[in-house]
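*Asks:* Just so you know, the sequences run in chain order A and B. If you number the first sequence the way numbering that gives the first Met the number 0 does, the last residue is 265 and the count never jumps. If you number the second sequence the way numbering that gives the first Met the number 0 does, the last residue is 580 and the count never jumps.
These aren't lab readings, by the way, just hints derived from the structure by calculation. Any given hint could be a false lead.
Said to hold, decoys possible - Some chain A residues judged to face chain B by a derived CB distance under 8 Å, without partners named: (1) Lys19; (2) Asn77; (3) Lys137; (4) Asn145; (5) Lys149; (6) Tyr152.
Don't be surprised by glycine CBs; every beta carbon is placed ideally from N, CA and C.
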Amino acid sequence: MDHLDKLEAQSIYILREAYKHFGKLGMLWSIGKDSTVMLWLAKKAFFGHCPFPFIHIDTTYKIPEMIKFRDKIAEEFNLDLIVHTNEAALKEGMGPQEGRLVCCKALKTEGLAQVIKEHKFEGLILGIRRDEEGSRSKERVFSERNVDSKWDYTNQPPELWDQFKTDFKKGNHIRVHPILHWNEIDIWNYIKRENIPVVDLYFAKDGKRYRSLGCAPCTNPIKSNASNIDEIIEELKNTKQSERAGRAQDQEDAHAMQKLRKEGYM
Amino acid sequence: MEKTRETLKIVVVGHVDHGKSTLIGRLLYDTNSLPEGTVERVKRISKEKGKTFEYAYLLDAFEEEQRQGITIDITQLQFHTEKRDYVIIDAPGHKEFLKNMISGAASAEAALLLVDANEGVKEQSRRHGYILSLLGIQKVYVIVNKMDLVDYSMTRFNQIRNEMNEFLNNLGVYPLKYIPTSAFLGENIARSSKKMPWYDEEPILKAIDLFEKDKEISDKPLRFPIQDVYKFDDRRIIVGRIESGQLKIGDEILISPSNKTTRVKGIEYWSEKDKTDKVSAGMSVGITVEDEFFNNRGELISHKKDTPLTGMFFRANLFWLGKKDLVKNKKYKLKLTTQEVECEILSINKVIDASTLETFEDASAVKINDVAEVTIKTKEMISFDEYKNNQNTGRFVIVDRFDVSGGGIIVAADNKELSNVIQLEDYLKNFTKCFNMDISWKGKYGLRVIADVAANGTEKPVTKNDISQRQNIPDVHLEEILFRFVNAGLIKYIDGPQKGYILGKDSENIIIADIMQVFDENLSIINENSIESNIRGKVEDCLLVNVWKKINESINTMLDSITLKDLVQEYNNSNDRQLIC
Ligand SMILES: Nc1nc2c(ncn2[C@@H]2O[C@H](COP(=O)(O)OP(=O)(O)OP(=O)(O)O)[C@@H](O)[C@H]2O)c(=O)[nH]1
Ligand SMILES: [Mg+2]
Numbered sequence: 000m001d002h003l004d005k006l007e008a009q010s011i012y013i014l015r016e017a018y019k020h021f022g023k024l025g026m027l028w029s030i031g032k033d034s035t036v037m038l039w040l041a042k043k044a045f046f047g048h049c050p051f052p053f054i055h056i057d058t059t060y061k062i063p064e065m066i067k068f069r070d071k072i073a074e075e076f077n078l079d080l081i082v083h084t085n086e087a088a089l090k091e092g093m094g095p096q097e098g099r100l101v102c103c104k105a106l107k108t109e110g111l112a113q114v115i116k117e118h119k120f121e122g123l124i125l126g127i128r129r130d131e132e133g134s135r136s137k138e139r140v141f142s143e144r145n146v147d148s149k150w151d152y153t154n155q156p157p158e159l160w161d162q163f164k165t166d167f168k169k170g171n172h173i174r175v176h177p178i179l180h181w182n183e184i185d186i187w188n189y190i191k192r193e194n195i196p197v198v199d200l201y202f203a204k205d206g207k208r209y210r211s212l213g214c215a216p217c218t219n220p221i222k223s224n225a226s227n228i229d230e231i232i233e234e235l236k237n238t239k240q241s242e243r244a245g246r247a248q249d250q251e252d253a254h255a256m257q258k259l260r261k262e263g264y265m
Numbered sequence: 000m001e002k003t004r005e006t007l008k009i010v011v012v013g014h015v016d017h018g019k020s021t022l023i024g025r026l027l028y029d030t031n032s033l034p035e036g037t038v039e040r041v042k043r044i045s046k047e048k049g050k051t052f053e054y055a056y057l058l059d060a061f062e063e064e065q066r067q068g069i070t071i072d073i074t075q076l077q078f079h080t081e082k083r084d085y086v087i088i089d090a091p092g093h094k095e096f097l098k099n100m101i102s103g104a105a106s107a108e109a110a111l112l113l114v115d116a117n118e119g120v121k122e123q124s125r126r127h128g129y130i131l132s133l134l135g136i137q138k139v140y141v142i143v144n145k146m147d148l149v150d151y152s153m154t155r156f157n158q159i160r161n162e163m164n165e166f167l168n169n170l171g172v173y174p175l176k177y178i179p180t181s182a183f184l185g186e187n188i189a190r191s192s193k194k195m196p197w198y199d200e201e202p203i204l205k206a207i208d209l210f211e212k213d214k215e216i217s218d219k220p221l222r223f224p225i226q227d228v229y230k231f232d233d234r235r236i237i238v239g240r241i242e243s244g245q246l247k248i249g250d251e252i253l254i255s256p257s258n259k260t261t262r263v264k265g266i267e268y269w270s271e272k273d274k275t276d277k278v279s280a281g282m283s284v285g286i287t288v289e290d291e292f293f294n295n296r297g298e299l300i301s302h303k304k305d306t307p308l309t310g311m312f313f314r315a316n317l318f319w320l321g322k323k324d325l326v327k328n329k330k331y332k333l334k335l336t337t338q339e340v341e342c343e344i345l346s347i348n349k350v351i352d353a354s355t356l357e358t359f360e361d362a363s364a365v366k367i368n369d370v371a372e373v374t375i376k377t378k379e380m381i382s383f384d385e386y387k388n389n390q391n392t393g394r395f396v397i398v399d400r401f402d403v404s405g406g407g408i409i410v411a412a413d414n415k416e417l418s419n420v421i422q423l424e425d426y427l428k429n430f431t432k433c434f435n436m437d438i439s440w441k442g443k444y445g446l447r448v449i450a451d452v453a454a455n456g457t458e459k460p461v462t463k464n465d466i467s468q469r470q471n472i473p474d475v476h477l478e479e480i481l482f483r484f485v486n487a488g489l490i491k492y493i494d495g496p497q498k499g500y501i502l503g504k505d506s507e508n509i510i511i512a513d514i515m516q517v518f519d520e521n522l523s524i525i526n527e528n529s530i531e532s533n534i535r536g537k538v539e540d541c542l543l544v545n546v547w548k549k550i551n552e553s554i555n556t557m558l559d560s561i562t563l564k565d566l567v568q569e570y571n572n573s574n575d576r577q578l579i580c
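Start from the sequences, fold in the hints, and give me the full structure.
*Replies:* The following block contains the structure:
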C-alpha cells in the first residue's frame, strides 16, 4: 500500500464506523476540495451508494461558481442534498459588515445547529484536517458536541486503537472527521489519482487562484499561476504560506478558530 | 517520489514542563518547516499578552494552554526529513491529562522520552515509560533536556542516563539512545551541539531517521474483523479492515466465534481501478462469500490453519483512566476490534503504581492512572489473539457508561476458566469419587460432547468444529467419540448445506446410563455418605448440584431416571453459564 492507499483505507474505515453507529447521520458538504474528496471516499466505502444525506449550509454569500458546481455534482452523483440557510438571521440583515466572526457564527455555526436540531442528527461527517490550523490539530476523529453544539475541548475523551466515541448522551451529537489525518498535498495528489471533479476556482486565472474556499466577502484568492493539479502540487511543495491565509475570519483574533469552533463551527 | 515515501509516527512524552513542546517547536523552527509568518505571529501574540516567546506556543494552540504554559491535549503534526515523512505527536506531561497522552502514544511506533536535566527523573517520566512498555513501544530515545541549566555537564547526563536505564530495563524497555539537548537553545536539536563535545552521536533530527520502521504485517495470519454487512443492491457485502495477513478470492475462511466456514466468492469495489483478487493488512475491503450465512459485526474471519482464540475469559494488563475506579461485579462494555460485548472484572490480580512500580496484590479496585493485571469475563464468546502474537486483535478498551475509561492488552486466554472445562472436570472427579466410578477420559469427553449437541443442536446441526472449539477436545478423540455415538444411535449426522450433528433421539429419551454404556463404563454406587461431603463446598454453585439432588432422591433408579434433557435444562435455565457446570 502506498501513502494514499493508507490514508484512503483509514478514511473508509472511519466512514463505515460512523454509518454503523449513527442512525441519523449526515455529511457536511462545503463544495470545497476536502469535502468533495470525502464524498468520493463515501462512494468507495459504500460501493457507489451514499446512504446518508449531504448538507450544505448556504450563507448566500458563497462564490456563485460554487453553487453552480454544487448543483451539478448533486445531480451527477444523485445526492440526497439538504441545503439550509439561516433565514431568520439574514432577514435581520446579518452579513460580514456586522463583524466577520459574528457573521460566521450566525450564518454558519447557527445555521448548522438548526439543521442538526431539525433532522435530529446523531452523527455529522466533516472534512476538516489537522494541518489546517491549531484547534483542528487537536481534534479527535469522533468528537462530541453537546445539545448546543458546544465543544468541550479541554476535556476530550481518550481515543485509541481506532475505538471511537460511540456512547454519548441523547441530544448530543458526534462530529466525525474521516480526513483529519490528511494534509493539503495529500488531498491534491488524491484528486489527481482518482480524477475527482473540483470547482474551477482552484485553478489560476489571470495570476490568481483560490486555495481555500468560503464566502466571497471573506475569502481572498492567492497570487498563483498554477492552472492544473500538477502545478498546484508543485506550488504547495514550495510555498511557505499557510493554506487558510486567505480566510479573513482566521485572522480576526489570536484564537479566532478555537473560539468559533468551541461554539460549534466546522 | 512522494508516493513511496514511508511515514513514521513518533510520540514525545515525559514529565510536565520538561520541554516536549519546546523541543518540537524548535525542531520545526530550525528545519524551516513552519508556514510563513507563524513565528512572527506567535511572537506578536506573546507580546500582546505580556509573555515572553515560547517555542511551545507553536504547538500549544489553545488559549488555555498558552495562558497556563502547559499542554492539555495532544497535537499531531506532519514533518519531513529527506529520508521520510513523520507524524509527530506532542503529548501532555501533566498527570491529569494522561488520557490524552495515551491517546497519542497508542498510535505511535517510536517515542522520545524527555527528562529535564535539572529536575531529573520525575513521576510522569516513569509513568510514561511504563505506558510505553505496556503499549509495546520498543523504539525509544531518552532525551535529557535543559542541559543549559546544568552547564552541559556530562556527569549529570550520565547520572540521569543510569537512573532512567535501570527503571526502563526493569520494564523490558531498552532505549536505543540517550541524547543531551537544550531544546530552547537548539543544542543537539537540528544541529550537533558545540557545547557538548563529549557527546559524539547524532542530534535529534539525524537520530530520528535512524529509527527502523516496523515491517508490514501482511505475512502474519489473516485477521479480518467484520465491521458491517451491506445489502445496498443484490450483493451481500461483508466489509471491514484486514488487521493482518492476506485474503484471496477462493480462500476457505473460518468465521469465529460462530465457527462457520465458507469460501471467498468476490472482492468488491466501486471504482474499476480498485479491482483486485487479493487484499492484505491495512486495507478497508468488502467481500462476498459462497454461503450466505447471517453474519454479524464483530465476528472474526481467519484461515482455518491459523485461527484466533475464542473464549469468554482472558487475562490482561490494563491502564485505567476513568474518574470512577474500575471494580469487580460491575458491568462494563468491552470493545475489541469491531466486537462490542458486556464484560466484568472477574479478579484484580495485581495493581501497580506505574510511577513507583509498587504493587498491591489484594486491591479491590483500580484507580485512575494505575495499571493492573486483571482477569476479564465477557458475557458472550469473543475471538481474539494474545497481544504478543497480534497487536491489532490483542488489545481492547473498556467503556464505563459513556466514556472509554481504560485500555488493555491480552496476556493470555484464561485456560482455567475457558469454557468451564475445568469446573466440569472437577465435578466429574467428585462424581467418580462418590460413586467409586472410574470414568475414563472417553466417558468424560463423551458426556460433554453429547450435552453440547443437545444444547446447541436444536436450531441447526452443530459441526465438529463447533464442538471441538467449545469443549476443547482434540480432533482425534472427537472423531472417535462421535463415531461411537452415531453407531449407538444417540447422535445423527445430517448432510446437506447445513451439515453437522444432532441428537439421534429426544434428549428425554437418553439416559445417562446409555451414554456411559457407549464407552463401556461400569457404574456402581458404593458410598452414599461421601456424596454430600464431596460435592458440597467445592462445587457449591455447580449447576449439577440440582441434578445431583435428584440423584439423591431416587438413588436406586438414578442411572435410569436422569436424562440428557435434565442436564441440558439445567444448562438452559442458567443465564450465562456455559455447558454443564
Ligand atoms: N532553560 C531551558 N528551558 C527550557 C528548555 N526546554 C524547554 N524549556 C522551558 O521549559 C518550559 C516548559 O516547556 P514546554 O515545552 O512547555 O514543556 P512540556 O514538556 O511541553 O510541558 P507539558 O506539555 O505541559 O507537559 C518552557 O518555559 C520552556 O521555555 C531548555 O532546553 N532549556
Ligand atoms: Mg507541552
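*Asks:* It remains to establish, for every hint, whether it holds in the given structure.
*Replies:* Taking the hints in turn, this is what the structure says about them:
{"no.": "1", "hint": "Lys19", "result": "holds, 5 Å"}
{"no.": "2", "hint": "Asn77", "result": "violated, 13 Å"}
{"no.": "3", "hint": "Lys137", "result": "holds, 5 Å"}
{"no.": "4", "hint": "Asn145", "result": "violated, 12 Å"}
{"no.": "5", "hint": "Lys149", "result": "violated, 15 Å"}
{"no.": "6", "hint": "Tyr152", "result": "holds, 7 Å"}
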